[in-house]
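To convert, count from 1 in the sequence shown and add 69; that's the working numbering.
It is worth saying that the hints were derived from the structure and are not from the lab. Check each hint, because a few of them may be wrong.
To be verified - Here are the simulated distance ranges between beta carbons:
| hint | residue 1 | residue 2 | range |
| --- | --- | --- | --- |
| 1 | ALA107 | ARG84 | 25 to 35 Å |
| 2 | HIS77 | LYS99 | 41 to 51 Å |
| 3 | ASP108 | SER71 | 21 to 31 Å |
| 4 | GLN81 | LEU114 | 18 to 28 Å |
| 5 | ALA107 | SER71 | 15 to 25 Å |
| 6 | PHE95 | ASP74 | 37 to 47 Å |
Claimed, not checked - Taking lysine to aspartate or glutamate pairs in the EDC-like style, the calculated list, with each CA pair at most 20 Å apart, reads:
| hint | residue 1 | residue 2 |
| --- | --- | --- |
| 7 | LYS106 | ASP91 |
| 8 | LYS96 | ASP108 |
| 9 | LYS96 | GLU112 |
| 10 | LYS119 | ASP74 |
| 11 | LYS119 | ASP86 |
Backbone N, C-alpha and C fix where the C-beta goes; we use that ideal spot for every residue, glycine too.
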Amino acid sequence: MSIDDVKHIMSQYGRYDLIQTDYQRFKADKTEARNHKADSTVEYLHVLEKY
Numbered sequence: 070m071s072i073d074d075v076k077h078i079m080s081q082y083g084r085y086d087l088i089q090t091d092y093q094r095f096k097a098d099k100t101e102a103r104n105h106k107a108d109s110t111v112e113y114l115h116v117l118e119k120y
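Could you put the whole structure together from the sequences, leaning on the hints where they help?
Next comes the structure, spelled out in structure tokens:
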């Protein structure tokens, strides 16, 4: 489900806001042995204030 889909649906029920936060990934293994190469991950917090 895309962010735009979530926004469209939730906006029907009240005031919608999106808070986006970037976090550095936790490394529990050696960098060269990692299957994923991303150094960060993104958290999306969907906020709805109902009418």
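**OP:** Could you check the hint for me, namely that ALA107 and SER71 are 15 to 25 Å apart, CB to CB?
**Re:** The hint (15 to 25 Å, Cβ to Cβ) holds, given that ALA107 and SER71 are roughly 19 Å apart.
Subject >> Restraint status (C-alpha distance of LYS96 to GLU112 at most 20 Å) >> reply: 17 Å, holds
Original post:
Is the Cα-Cα distance between LYS119 and ASP86 20 Å or less?
Top reply: 12 Å, holds
Original post:
Do the alpha carbons of LYS106 and ASP91 lie within 20 Å of each other, as the hint requires?
Top reply: Roughly 16 Å between the alpha carbons, so the hint for LYS106 and ASP91 holds.
Original post:
Is 21 to 31 Å right for how far apart the beta carbons of ASP108 and SER71 are?
Top reply: 24 Å, holds
**OP:** Can you let me know if the beta-carbon spacing of PHE95 and ASP74 is within 37 to 47 Å?
**Re:** 29 Å, violated
Subject >> Beta-carbon spacing of ALA107 to ARG84 - inside the hinted bounds 25 to 35 Å or not >> reply: 32 Å, holds
Original post:
Is the gap between the beta carbons of GLN81 and LEU114 within 18 to 28 Å?
Top reply: For GLN81 and LEU114 the Cβ distance comes to about 19 Å; the hint holds.
**OP:** Measure nothing beyond the straight line between the CA atoms of LYS119 and ASP74; if it is 20 Å or shorter, mark the hint as holding.
**Re:** Holds. LYS119 to ASP74 sits at ~18 Å (cutoff 20 Å).
**OP:** With 41 to 51 Å as the target window, see if HIS77 and LYS99 comply at their CB atoms.
**Re:** Between HIS77 and LYS99, where Cβ atoms are some 43 Å apart, the hint holds.
Subject >> Restraint status (C-alpha distance of LYS96 to ASP108 at most 20 Å) >> reply: 9 Å, holds
Comparing the model with each earlier hint shows a violation of hint 6 alone; every other hint is respected.
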